[in-house]
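Engineer: Here is how the chains run, residue by residue.
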Amino acid sequence: MHTSSLLSVGNTLDECIKCNICTSYCPVSEVTDRFPGPKYVGPQAERFRELGQEKSPDHSVDYCSGCRVCNEVCPTGVRIAEINARARAQIVADRGLSLRNRLLGRNELLGKLGSFAPDLANFALHNPVSRVLAEKVVGIAQGAPLPRWHSETLNAWLARTAAQRLKSERKVVYFHGCAIQYYEPYVAFAAIAVLEHNGYEVIVPPQNCCGLPMLSNGEFEAGEGYHRGNVARLAGFARAGYAIVSTSPSCSLTLKEEAPEMLDKHDEATLILKNATWDIFEWLREEAEEGRLRTDFHPLRADGRPLVMPYHAPCQYRAHRVGKPSLDVLRLIPDLDLRESHTRCCGIAGTYGYKTEKYQIAADVGQDLFDFVLEQGDSDFVACDTETCRWQIEKFTSVANRHPIEVLAAAYGLYDLEGRRLL
Amino acid sequence: MLDLLIIGAGMAGLSAAYQAAKAGMSVHVIAKGQGVTHWHAGTIDVLGYSPIDRAPVDAPFAILDAVAAACPDHAYAILGGDRLRSSLDSFVHLSAEIGLPYHGAQDGANLLLPSPAGAARPVFLAPEAQLAGRLDSEQPMVIVGFERLRDFYPKLIAENLRKQGYTARSAFLPTSLITRRQDFNNVWLAEFTQDDVVLAQLGEALRGLVQPGERIGLPAILGMNEHNRVYTQLRQAAGAPIFEIPTLPPSVPGIRLYTALRQKLISLGVRVDIGMEVINFHADGERITWVETATSARPLKHRAQRFLLATGGILGGGIDSDHNGRVWETIFGLPITSPQDRATWFRPHFLDKTGQPVFRGGVPTAGDLRPLRGDGRPFFQNLWAAGGILAGADPILERSLEGIAIATGMAAVEGMMNEE
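First to last, the sequence lines map onto chains A and B.
Heads up, the first sequence is in numbering that gives the first Met the number 0, so the first residue is 0 and it goes up one at a time.
Heads up, the second sequence is in numbering that gives the first Met the number 0, so the first residue is 0 and it goes up one at a time.
Looking at chain A on its own, in the form it has when it is part of the complex (with noise of 0.2 Å):
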């Protein structure tokens, strides 16, 4: 198995008083009696499992989402929620990974796959019948949100545009992600835009998956794999100041702290990478704290009236511990009509939410936010920076998705919000 030693993360649960605000508070456990709650799978199960047992005390575990909620109101700091995730590493180690699990870690090698005939990919994944099989043979929920490939990949895209691309003195590395590349790329186009528009030269190198549908599956050799491809590629950047910026707060949270705390990396490269990457509305807002963000805002109007648009902050944001940085930014553009969201979670929680066992569970999770949504009654778009939350909010609530990145391209006047292109 992948030795890990305990180090930061373990040490956190001596510092459990068990008052057990964290289970009050776990979205999780108040749904299902699948999942006992955070202090009993993490600190206190903990206590009873060592490297190299045989048997793991504890397989309920594998129902943490890893939505942090437990971290984020522990009083005291325990990492509930990375004591969960080396958990279930241990269990992976003990019992093998499923196949369904596998698939679901290789993300970046479906996208791949798929991109090569995107309309026959479309179509094989996503009529009736393959999604029955999917259900009854591997274990992916017939319900859940699986992505459309889009007609072109972002490579491509680059690749067809590259002499319109800005030069410039001001440069930021752009980490996309696997999801921006096969499924979304409008949202790079999006981004792109905006960073240009504010005078900088994105440069976008070759990268790979950032590993954590992996790691969140407990298969942590092979997520090693690719943060260590990731390092290779990306360190260079960081050594010559460059900052790396990220529309997935997922990616971006793997690149600063899941993968190094995670793996117990802790070598030059793999710092140099987590300081200098930024969550693209981290790194936005300390551009408008400086004074740089161009604020020359078009109104976001439909119907004669400011957009409406809900917001929710996903899960990553909690675990990267800076606030709500796209809506501190998305707050400048007038005439928008945001609603921010105090709900917990969307309930899909990366992976989670596509196992038939768990697709209930992550509804129930998401009801919350949903009703949320709904109340808002007539939402122009649901905006929140996570492409899967994304997904299952759309799906729940029939209300279109929208990354914030896009809403502040079209703010700018650079992007058609509606039909996801660039102007």
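Derived by calculation from the structure, the hints in this document are not laboratory data.
Some hints here could point you the wrong way.
Just so you have them, the derived chain A footprint on chain B, three or more residues with Cβ under 8 Å [as the list claims (entries may be wrong)]:
(1) 131-143
(2) 177-183
(3) 186-196
(4) 247-261
(5) 269-276
These numbers were taken from a predicted model, which means no experiment stands behind them.
Built from N, CA and C at the ideal position, the CB exists for glycine as well.
Got chain A sorted already, so can you dock chain B onto it with the hints?
Structural biologist: Okay, now just chain B, sitting in the frame of chain A:
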């Protein structure tokens, strides 16, 4: 720039945030995690036991002068009775405004309410559902628990109440009236009771169980954000008065209060961020310019004109200690009065009447609630402190935690306003 950054989201931080936002300041509240509001009983305790000799206090305001004379560094001595009274009045108004009205006894006396162990708990202000359990009423009580609910034992509560001369008996109801879940805690039960079917079943079961003239004591699980509706409907359905007894943590009445206050603050434009731990600060001469919180990578800076330290005492995390006996304030390294030698932390007896010295230590302040240097001048010009971090009180022993928190939280904001 932000007018006020508050570190800590307990009663001190939240009260200060309310007062400051009402005065027109821009306010941001950050906290490492959820804290004391989720542990405490959801009541406002002002002074239950005298800090002088631990004697039970009948009416807090009647002994404030004696406290001030004997304990000049106590928060109540520093503030004086009038400021304490006016901040409690503000809280009572606020509680009505957020839909969780709190009341006290008519004559300024402490209320005596049953604890989850059946002891008589001195409380100054209580939410309506707890008020109905007043022990100065002679109405007999039936304490009703739910099978398999941890940490709530009706037999124990009733027996202890009887030992003190109150009339009480106990009863159990099946938890299946509320949920079919295998596992549950107080918070989920409170959510589940908001269901109309559950409410009707529970009301019917209580009606069948209560005897004429009795009042019913239940664990505090009667609704979360719809508490008022649940409480009213259940009393009607049961046909008898009902009161809530606060439970061991997680405490539903405390969470209700926190949630309602937080919603109020958000409506006033206050940002409340939980999960942000302050790890560094920077001062320019005698003014703090920023504090930094830990993130997933580089620290996040929070700049503000003013800062309020409301991080609590040893339990809250505002004060930490090590095995060598060192005791320190965790963020700014402010001077504190705590003993710095393990041999003097504790007295020989665990339940010593005068309490344990280590719990009385904290940050010394003057009337404007700015922490002081040894020479009596403010440590920083723009730093105030409130709540459990303050020196001179042992809030748990005295049952003064919320009184000190609310009064000093509001007084600190007053101090800031007077500064201008």
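Engineer: Would you mind marking each hint as holding or not holding in the structure?
Structural biologist: Results for each hint:
no., hint, verdict
1, 131-143, "violated (count 0)"
2, 177-183, "holds (count 3)"
3, 186-196, "holds (count 3)"
4, 247-261, "holds (count 3)"
5, 269-276, "holds (count 6)"
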